[in-house]
Amino acid sequence: MSRNNYGPKAQPSSGIELIAWWFTRVSGLILLFMALIHFSMMHITMDSWNITYEWVAQRYSTPFWKTYDIIMLVLAMFHGCNGVRYVIDDYIRPQGLRVALNSLVYVATLALLIYGSVGILTFNPLLPHMQVEKSNVTEPAMLDTTAIDSTSVVTQ
Amino acid sequence: MLEVLKYKGREGMLAWAFHRLSGLAIFAFLFAHIIEMSMLSYGPKNFESALNLYRYNLLRFAEYGLGLVVLYHALNGTRIALMDIFDSIQVFQKKLFYIQMVLFTLLAIYGFYEMIYKTVIANFIK
Chain F
1 MSRNNYGPKA
11 QPSSGIELIA
21 WWFTRVSGLI
31 LLFMALIHFS
41 MMHITMDSWN
51 ITYEWVAQRY
61 STPFWKTYDI
71 IMLVLAMFHG
81 CNGVRYVIDD
91 YIRPQGLRVA
101 LNSLVYVATL
111 ALLIYGSVGI
121 LTFNPLLPHM
131 QVEKSNVTEP
141 AMLDTTAIDS
151 TSVVTQ
Chain L
1 MLEVLKYKGR
11 EGMLAWAFHR
21 LSGLAIFAFL
31 FAHIIEMSML
41 SYGPKNFESA
51 LNLYRYNLLR
61 FAEYGLGLVV
71 LYHALNGTRI
81 ALMDIFDSIQ
91 VFQKKLFYIQ
101 MVLFTLLAIY
111 GFYEMIYKTV
121 IANFIK
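Note that the protein sequences, when read in sequence, are chains F and L.
Counting from 1, position 77 in the first sequence corresponds to residue 77 in this note's numbering; the numbering is continuous, with no gaps.
Counting from 1, position 81 in the second sequence corresponds to residue 81 in this note's numbering; the numbering is continuous, with no gaps.
Quick caveat, the hints were computed from the structure, so don't treat them as lab data.
Values in this document were obtained by computation on a predicted structure and should not be read as measured data.
The beta-carbon is built from N, C-alpha and C at its ideal position, and this holds for glycine as well.
Wrong hints could be hidden among the right ones.
[What the hints assert, rightly or not] Computed cross-link-like contacts, EDC-like style, restricted to lysine to aspartate or glutamate with a CA-CA straight-line distance of at most 16 Å:
| hint | chain 1 | residue 1 | chain 2 | residue 2 |
| --- | --- | --- | --- | --- |
| 1 | L | K45 | F | D47 |
| 2 | L | K95 | L | E36 |
| 3 | L | K118 | F | E54 |
| 4 | L | K45 | F | E133 |
| 5 | F | K9 | L | D87 |
| 6 | F | K9 | L | E11 |
[Claimed, not checked] Every beta carbon over 12 Å from chain F, so not counted as near; a handful from chain L, in silico:
| hint | residue |
| --- | --- |
| 7 | L14 |
| 8 | L24 |
| 9 | Y42 |
| 10 | E48 |
| 11 | T105 |
| 12 | K118 |
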């Protein structure tokens, strides 16, 4: 695989590097469809300004969109983590700084993964503090005509 | 700036450079996107105020720019992944790049119509 006559092999020979290399390609092909559908749903079939809390709550009322979003989150975070790791390994030569930056990327990836998954999985719009308040329904304002019309009776 | 075109790599090197830049940009955006979307579990008011960060007309162009970045990274990445899985098409690398850029232009124009014309320009013309 990935053998050509133009130069060194682009594919690592074995081990974690090979797994990471394949994961980037496979997850990229899956994410191609998932991410483009996600983007077109949010920006093209409906305007992103029309996204409301109720719309998202309705989306997450069935397991399908929760699963879709979690799979997309996991694949995208690992795909991105691997990509940034390639960039750091290419441009940062001093070993201490490289280890520090790579660790930062791994910690950020894990933190976002956990935070995002917990947010999606534990979303419960039926809890009292998570419900949309219906108290902003105001009665139509009554015109106060006592000053100009002495015959009107304003009942309290 | 145009010296970058004097390197021998031509389209392949430019494609790779933009792939890296777009990947880093998407990762940075994803960081902010996950944090802002996690406001969902803090209640409707916090979620709406997080979404209100985007409700400025000027940011529609930033949204469109994000769409272009994702589109480029996706198309180029597909080309890379397909070339890595099927070794025999690596000979057509440059032709595939041109096909990819034609597709990119078509989808960019369609995206401009959907995201910018319908929302900003059509309301401006009225």
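Going through the earlier hints one by one, which of them does the structure break, listed in rising order?
Result: hints 1, 2, 3, 6, 8, 9, 10, 12 break, sorted rising.
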